[in-house]
Amino acid sequence: MKRTSAFLFAFLGFAAVAVFSACATVPYKVTGYFVSEKLDSYNGATVAVLPFRGGAGATVTDMANLELGRVNRWRLVERIRVAELYKEQDFDPDRVDDKTAAKIGRMLGAKAVVLGQVYEYTPGRCGVSMRLVDSETGEHLWQARDTLEYRNPGVRELAKGRFDYWRLRKDPEAMAFVTVRALAQTLSR
6 MKRTSAFLFA
16 FLGFAAVAVF
26 SACATVPYKV
36 TGYFVSEKLD
46 SYNGATVAVL
56 PFRGGAGATV
66 TDMANLELGR
76 VNRWRLVERI
86 RVAELYKEQD
96 FDPDRVDDKT
106 AAKIGRMLGA
116 KAVVLGQVYE
126 YTPGRCGVSM
136 RLVDSETGEH
146 LWQARDTLEY
156 RNPGVRELAK
166 GRFDYWRLRK
176 DPEAMAFVTV
186 RALAQTLSR
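For the sequence shown, the numbering used here begins at 6 and goes up steadily by one.
Simulated from the structure, these hints should not be mistaken for laboratory data. Treat the hints loosely; a few may be bogus.
[Claimed, not checked] Listed below are the simulated DSSO-like cross-link pairs for lysine-lysine, each with C-alpha atoms no more than 30 Å apart in a straight line:
#, residue 1, residue 2
1, Lys108, Lys92
2, Lys116, Lys92
3, Lys116, Lys34
4, Lys175, Lys34
5, Lys116, Lys104
6, Lys108, Lys43
Bear in mind the structure is a predicted one, so any value in this text is a computation, not a measurement.
Input sequences plus hints: build the corresponding full structure.
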């Protein structure tokens with residue numbers, strides 16, 4: 006009887022380890038996105054990332070520049086050129102619509118522009134929307150939107166090696182970075 010119990014206990018322990026080790030966390034994947042069939046024809050094109058709307062817009066715009074640069078699909082207009090044009094023309098990021106954005110893109114010599122909005126920016130939670138708009142036609146070529154939360158194991162996996170769990174929970178900037186990274190990755194699918 007003792008031998009059977011020991012065998013059963015060992016078997017159940019082994020089975021539990023096998024099951025839980027097979028359940029590795031998968032990085033978070035954004036499902037709220039759209040990619041136009043025409044997007045590939047913009048590979049290598051000049052694209053300007055315009056200042057994002059929302060309270061943390063400047064911070065998240067910088068992150069978007071970095072992450073979109075890492076995707077390596079386009080030549081990005083220098084951020085300083087975009088900032089100078091906004092100042093010179095007295096553009097307000099919170100009042101730039103698609104038509105005005107297309108005009109700004111043409112003024113910068115960009116084939117398309119990236120617009121964005123930060124709609125949630127709190128410790129442990131961040132919501133961002135980004136879209137790519139053709140500077141001539143105003144056509145939407147790509148759009149991604151999501152709200153990520155630190156509690157999601159896939160979000161923590163996406164942040165692995167960059168931020169620890171505590172920082173995701175406490176630092177809105179860390180959550181914003183992970184959110185922008187997840188949105189930019191939709192361009193690689």
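Quiz item: Are the Cα atoms of lysine 116 and lysine 104 separated by 30 Å or less?
Solution: At roughly 14 Å apart (the allowed maximum being 30 Å), lysine 104 and lysine 116 satisfy the hint.
Practice problem: Mind checking the alpha carbons of lysine 108 and lysine 43 for me, to see if they're no more than 30 Å apart? | Solution: It holds: about 20 Å lies between the C-alpha atoms, which stays within 30 Å.
Quiz item: Does lysine 34 lie within 30 Å of lysine 116 when you go C-alpha to C-alpha?
Solution: 28 Å, holds
Quiz item: Is the Cα-Cα distance between lysine 108 and lysine 92 30 Å or less?
Solution: With a Cα-Cα distance of about 15 Å, the restraint between lysine 108 and lysine 92 holds, given a limit of 30 Å.
Self-check item: Pair hint outcome, lysine 175 versus lysine 34 [Cα-Cα no greater than 30 Å]
Solution: 22 Å, holds
Self-check item: 30 Å Cα cutoff - pair lysine 116, lysine 92
Solution: OK: lysine 116 and lysine 92 at ~21 Å, within 30 Å.
This entry satisfies every hint, going by the numbered hints stated previously.
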